[in-house]
Each structure stands twice: as C-alpha cells, then as structure tokens.
Amino acid sequence: MKHTDSISSIQMAIIIASSIIGVSLMVLPRFVASKVGEAAILASVVGLLISFLSVLAITLLGRKYRNYTIIGCNRLILGKFVGNLMNYMIILLTIFLMGLEVRQFSEVLASGLLPNTPIEISIALMIILCALVGFHNVSTFAYIHTFYLPFLLIPMVFFILAFEDMESYHLLPIFGHDLSFFEFISGAFEMSSTITNFFVISLLIPYIKDNESMVKNGIRGFFLGGLAILYTIIVALGVFGVKELEQIHWPVLSLSRVIEIPGEVLSRVDAIILITWIFAVFTTLLSYFFVIVRGTAEIFRTNRFAFISTIMIPIIFVVALIPNNVYEIFEYVITIAKIVTALFILLPFGLIVIGRFRKKVGVQ
Amino acid sequence: MTGILDDNVRLLKEIFHKDMDYSLRTFELFQHRHAAIVYLNSLVDQEVINHDVIKPLQHYEAPEKEPLDILKFLIDNILYFNDVKKVKDFSTIISSIVQGKAVVFIDGIAEALELDVVTKEKRSIEEPETERVVRGARDGFIEHLSTNIALLRYRLPIPEFRVEESEVGARTKTKVVVCYIEDIANPTLVEEMKKRIDAIEIDGVLDSGYAEQFLEDNPLSPFPLLINTERPTKVVGNLLEGRVAVMFEGSPSALIAPATFNQFYHTTEDYNEHWVISSFVRVFRILALLFSLTFSSLYVTVISFHPELIPAKYVVAASSGRHSIPFPVIFEVLLLELAMEVLREASIRMPQQVGGALSIVGVLVVGQAAVQAGFVSPITVVIIGMSTIGSFAIPLYNAANTFRMLRFLLIILAGTLGLLGLALGLMVVVNHMLSLRSFGVPYMDPYAPFNMKAMKDSIIRFPFYKLKKRPSNIHPQDQTRLGEMEKHYTNYNFLDKEEREKI
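Heads up: the sequence lines are chains A and B, in that order. Quick note on numbering: the first sequence equals residues 1 to 364 in the working numbering. Quick note on numbering: the second sequence equals residues 1 to 503 in the working numbering.
In short, the hints are calculated from the structure, not lab data. Glycine included, every Cβ here is placed at the ideal spot set by N, Cα and C. Keep in mind that the hints are not guaranteed to be accurate.
[Said to hold, decoys possible] Derived, one-sided and incomplete: chain A residues facing chain B with beta-carbon distance under 8 Å:
1. 109
2. 111
3. 114
4. 137
5. 282
6. 349
7. 353
8. 357
[To be verified] Keeping only pairs whose Cα atoms sit at most 30 Å apart, straight-line, the calculated DSS-like set for lysine-lysine is:
9. B:456 to A:209
10. B:469 to A:209
11. B:122 to B:175
12. A:209 to B:468
13. A:216 to B:469
14. A:216 to B:453
15. B:86 to B:18
16. A:209 to B:453
17. B:195 to A:209
18. B:88 to B:72
19. B:85 to B:195
20. B:194 to B:86
21. B:456 to A:216
Could you build all of it, start to finish, from the sequences and the hints given here?
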C-alpha cells in the first residue's frame, strides 16, 4: 500500500499508553479486588505482564513483517481463507468491545455527571465523535493521542490528594488471604483482559518510520500506561479497602469525590476528573474505532473510510444497547475480553511461529 | 501588426474609441518619418511622456544616413528611459497599453516600442490598524506592490532574497510575488506555493483574501491556515525562519505559509521585549483565547446543570440576581452574545466620530438598563464582557473571529448536554485542529506531534541565545540561526588607568 504519512515509534508508544487508559480505569480496582482481594496489586502486575506479552508479540511481528498490518499478515501467513476468517473475527470482537466500552462509559456518566440524560444520547454522541475524526491520515490519529495524553494524566495528579486517606492495612497482605493459585491467575487475567486495545498498533505498523526501535518504544508506552493503571488501583484499594471496593460500582468516581482541593476553589473535583476521563475514554474508543474502520477498509481493500465509519455508527450503537443492566455489561465484558486476550496474545505469536515455519519472509 | 502606421492606429482606435482616457499623439521622427505614441492618460505619467519621450524624439536631428535598425538606434541613442522594450505582437501591445504603458509606433516598421511610464496612486506608509505594537517598527504595507517589496528589500539587503513574480486573475491580471530567502526556505515549499498559485483560476483577485481561500489545504475549515499580516517586520521574521510570503498587487496584507496554531498568539513585539515578559504575555494571550472560547459555555453549563460545582461560599453571589430572570441561562447568554456581536459589527462600520458614542450607549447604558430591568443577571454581563474582551486580546483578527464563532457552538452544546456537551464540543474543535495541515505542516505542532525543540518558541519564548535553530517543522535548508558567539566581556570598571589604555 502506498502512503505518504508516517508516525514515529514514540508516537506509537503514546498511542499504546493513551489507548489502555480508558473506561476500564473506572472499574478495574473493583474487578480485581473482588476476585483476589488484597492481592490486587500483585495480580495487576501479573496481569500487566500477561498483556505485555501481547505487546511484545505484536511489535516483534511488526518488526518482522514491516510492510503489513495484522490484517495483511493474517492473509499472508495463514492464507486467504483462514486469514480472512481471523480478520473478520478481529473486527467483530473489536465492535463488541467498543460497544461495551461505550456502554460502560455512559453508565458511569449517568451515575456521575448527567443523571437525567438517557444513556442512548451519550452513547450515540460518543460514537459520532469518534466517527467525525477522519481516518485517512494515520498521523492525525497519532496527533490526537499525543495531544490528549497530558490530560489523561491529570487525574493521576489529583489522586495525590487522596494519599492522606490511604490506609496501609488495606493494601496488606500483598499475597491476599487464602488465595488459590487458580484464583490469583484468573484475577490477573481479568486485569489483562480489560486493557486490550493497544492492539491498534498492529494496524499502524506499515506507517512507523523507525521500525528498529519499535519494540523498545512499545515497551515504554505500555509501561507508562500500565503504571498509571497500577497507580490508580493502589490508590483506590488503599483508600477504600477490599470490603468497600466490592460495594462500589465506580470506585474511581467515588475516589474523586473523596478528594478535596485545598482552598476550596471548586467544591467538587469529580467533575474535573470526569471531564479528563471523558478525554481518556475518547482516545480509547478512538483506538477501537480505528481498528474497526481501517481494518474493515483493508479487508475489503477500499479507501472509503468515511463511508465505513458512518455504517459502523448504528452497528456499535446497537451492540452497546444489548446488555440490560450494569451487571450484564460486566459479564459480557469479562467473557468477551477473555477471548480477546487469548486471541491477541496467541495470534501474533502464532503468526511469528507459522511464518518462520512457512519460510515466508516479509518484503523488506 | 503591420508596418503601416495608419493601419495600426485604426486598429487601436476600434478597440479604444469609447474610452475617454485613450490618448494618441502623432509626431514626426527625424523630421520626416510619421510616428505616434499611444497610451491611457489616466495611468501614465504625462510629464515623463512629454519630457523624456516626445521631446527627444522630435528634437533629434536626423542622422545623415538613416540607421538600419531604427528602434535599436532610438533606444541606444535618444530615449532617456530605462524601461524600454521592443514588441511585435499586437495583443501584447494592447495588454501593455491597458496596464499603463505607452507604445510608440513608427511608420514603416513592423515593431513598436513599449515604455513603462505607469504611475499608480498610492497612499503613504502608515502603521497597520489591526496589528499595533508598543515597541517595534511602525511601517505597514500599502496597496502598491513595489513599495511593499521595497519595504522588504530595505530590511533584507542580501542577494539571496527572491521575489518571484507571476500573475493571477483572468480579468484583473493581479501581480503576485512569492518572496523567500533562497538558501533558507525549503525548495519544495517554494515549488508547492508556486504550483498552488498557478492553479488558481478566477476572474479577479481584489485582495490576498481571495487567493488565501485557494491556497489553504482545507478550505472548509474555519481556522486560518495562512497568516496574513500588514507588517514588513513580521514578514521578514517569518522569511528568516524559512517560511514563504506571498503578496498581491492592490492588497496591503501579505500571506505567510506554512502557518501553525502556535503563531496565532505570537506577535512581532514578543521578540523585541525581554523574553520573560513576552512569555508572560503569551500565557495571558492563551488564557484570553481559552476565555473567549469556553468562558460563557462553562458558565451556562455550571449554572444550568452542575450548580454543585460552585463552592458553597459563592453560591449566593453566583445566583443572586438570577431569580428574577425570565429566561433559562442559555437564552440569556446567547442573547447577550448576539447583542455583543451586533455591537462589535456596528462599531466597525460606524464612522469613527460616532463609534465612541455607540460603544458608550451600547455597553454602558443598555447593559446597565438591562440589568436593572431584570432582563439579564449582572454576573452574566460580567461573563460575556470577559469573553468578549478575551477575544480582542488575540493578536490575529481572523483567528479571533474563528474562536468567537465556535463559542456559539459550545454554548449550545453546553446548554443542552452540560459538561459532557462542553467536553464533546471542545473535543470536536481540538480533533479538527489536529487534523489540519498547512502546506503539510501539522497545525498543532509543537504540541502534537510533540516537538521539544520547537517548544522553545511556543508559550514560552526562550532568550535568543537559546533559539539556535530555525523551527524544524518547516524544514529549512539552513538550520542554524545563531553563529558561535563568544561571551567575553571586559569589566571596565575594575581596571586601572594603564590597563584601560592597553585595551
């Protein structure tokens, strides 16, 4: 494919970081804590490491086949039929993930910011916002992530103010109470399955200028985003403790209500945090949407991105409305995310192995 | 054209016979050869024609042997005139006549002489109204292109400074010049600019604004993608950074490309003042920009959707005076914003003598009365006032207009969807700005893509000794701006007499 624009691997790192900081940040502390209790921190670290495998695999694959996206790689290595089957699966899963993500977002919004607005409106607006971004330029996509990244880190600064409410006994013991290994690992998987959309970088590979430092910068970007998530989990766990966390739907929202700015400039910080969090959600959703639009375009070998993104608006909207309530959303999320994690880890590794096996070397 | 004078004259007469400013003056060259000079008297300097053309031609004694090439003989020996050309083609002759040139026909010669005797009315050089500075040069461009070029040449007396001419406008035939410094500007940028200018097909270009809309990468965008300025210093400063300037005959504003958003809160004065002070002022300009864009919409959303955001101490102050207002806050704000826009527009069109009275009546009397009548709340007036003043603090007039216009979008979104609407509106604006390119340069550079080196001249202007490189985002050929400087000062004060003399 001939293209004129390109991005640097540092921009790719930024995309990874700002993609994984998203809706899940709001609920992750509860997810993990309810599964593994006080071992949440350790489980999160292990979970991050599991996801990290996927980042590593994708970047390694990208370094090997530098002119192909994952869609192209699938076709090249697995053959047309199996490859396209995989491609359809990726797009379908991403549509589901995005739908659920945007649904979670609007549920948080309804409970935190706009109690009287129907969730359908915020769902539709968020999808339309993503569709308004032109997908012709990959560099624009990278610029958007770059620009919003500092805003995503603002809540992290505010959380410092919550340090005084943290209790060390909430965090201990670090290995949890009577935790079986299986429970621990499933908690870790939960963690890694909610941060899957760094997968978007696999569609950016042909546009990355400095291919050599891709793996290195991919690790850095993941490290930055992972650290932010870990930090949030630690603060939330430290402030609320496991028992309380299990009761709260949106722990981070509650956390932001705990915070008080000295000097009483604003009476509630949670609105500010919610706004920056809207930015975070937007960048995350945009990454999903990017995979959906550019992926579909590549499967059908067209350049009509505007057309595809218009078609995708109602589809994602409908998917977002499938779950009946908050609990169902979480069930769906967990089920689908598990498949996605497995796919996103196994697929790139599988491609590398099969590629070596079939002795097909990417065009350098 | 033919060699017979009468035929040529008749042809011209057919074209111009209805025009009152068409002049034909016949005379005899070398006392025996018929000749005629043709010009449009409204455009030419008649004094020059009398003294420097007709007089020497009539006076000159016929040489004993008539020279073979009479026209060359005239140019070489008789005419005291520096801009003379031989022309053959009749259509060229006509187009040069309408451009204000005089053409001399001589009987028996199938060629004519074209003399550039055009004078154009021009006003004097004044300080541009829209870009005032406290410290800095006071001259501004005028409509007359060659004066404008002179203003640039005066500041750039180097052979590398290029002024390439071309023409645009099928009917106005407007002269365009592309100015750049040959060893700094990127040749691709210069070529691209020339290509875009050549591609313009329009009947007339009356101001650089006409062409601007063709030169932009994205004409649908409300954001200005080229900078316009009437200040020669600003043009020279940008040329030195590696940008390209375009100027049009008849327009006092030059266009500079590529433009980034960064430049819309910069002024030439920032570089004249101390760097701390300029950086400080730039911060305020950014604040003003944000004020003008978001202040009124933030007010709408906080009052109508999220009163819990207001700290308890200020609730009374914020809501006092609101209880008697008949409208929801969004209407109140929109109404006042509209009134402010009308007032602004009116004060531009008003004669200056009346303008002062208008603003006093409009702002003070009407505003005060509206508050007292319980029509709008006092705090709304304060908010609208702040956001309007904010928009005046943006140095570039067209950028300020864009932000003022987008404000209405944000107010409506904030009034219907609260903070979410405001955030969404801001994101739409920001995403659009991030998708813009000016001649291929990302509009939001150096923020996204993040560019540490270019950050040195963004919100904070670093001192000059730190600005060693030209902005890398426009890829100048010559990267370095500063040479090696030795900071070696002698402390004169502590030297005794002998040592001083030694130095």
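Here is what the structure says about each hint:
{"no.": "1", "hint": "109", "result": "holds (6 Å)"}
{"no.": "2", "hint": "111", "result": "violated (13 Å)"}
{"no.": "3", "hint": "114", "result": "holds (6 Å)"}
{"no.": "4", "hint": "137", "result": "holds (7 Å)"}
{"no.": "5", "hint": "282", "result": "holds (6 Å)"}
{"no.": "6", "hint": "349", "result": "violated (31 Å)"}
{"no.": "7", "hint": "353", "result": "violated (35 Å)"}
{"no.": "8", "hint": "357", "result": "violated (39 Å)"}
{"no.": "9", "hint": "B:456 to A:209", "result": "holds (25 Å)"}
{"no.": "10", "hint": "B:469 to A:209", "result": "holds (24 Å)"}
{"no.": "11", "hint": "B:122 to B:175", "result": "holds (16 Å)"}
{"no.": "12", "hint": "A:209 to B:468", "result": "holds (27 Å)"}
{"no.": "13", "hint": "A:216 to B:469", "result": "holds (29 Å)"}
{"no.": "14", "hint": "A:216 to B:453", "result": "holds (23 Å)"}
{"no.": "15", "hint": "B:86 to B:18", "result": "holds (27 Å)"}
{"no.": "16", "hint": "A:209 to B:453", "result": "holds (20 Å)"}
{"no.": "17", "hint": "B:195 to A:209", "result": "holds (28 Å)"}
{"no.": "18", "hint": "B:88 to B:72", "result": "holds (14 Å)"}
{"no.": "19", "hint": "B:85 to B:195", "result": "holds (29 Å)"}
{"no.": "20", "hint": "B:194 to B:86", "result": "holds (29 Å)"}
{"no.": "21", "hint": "B:456 to A:216", "result": "holds (28 Å)"}
Of the hints listed earlier, those the structure fails to meet are numbers 2, 6, 7, 8, in rising order.
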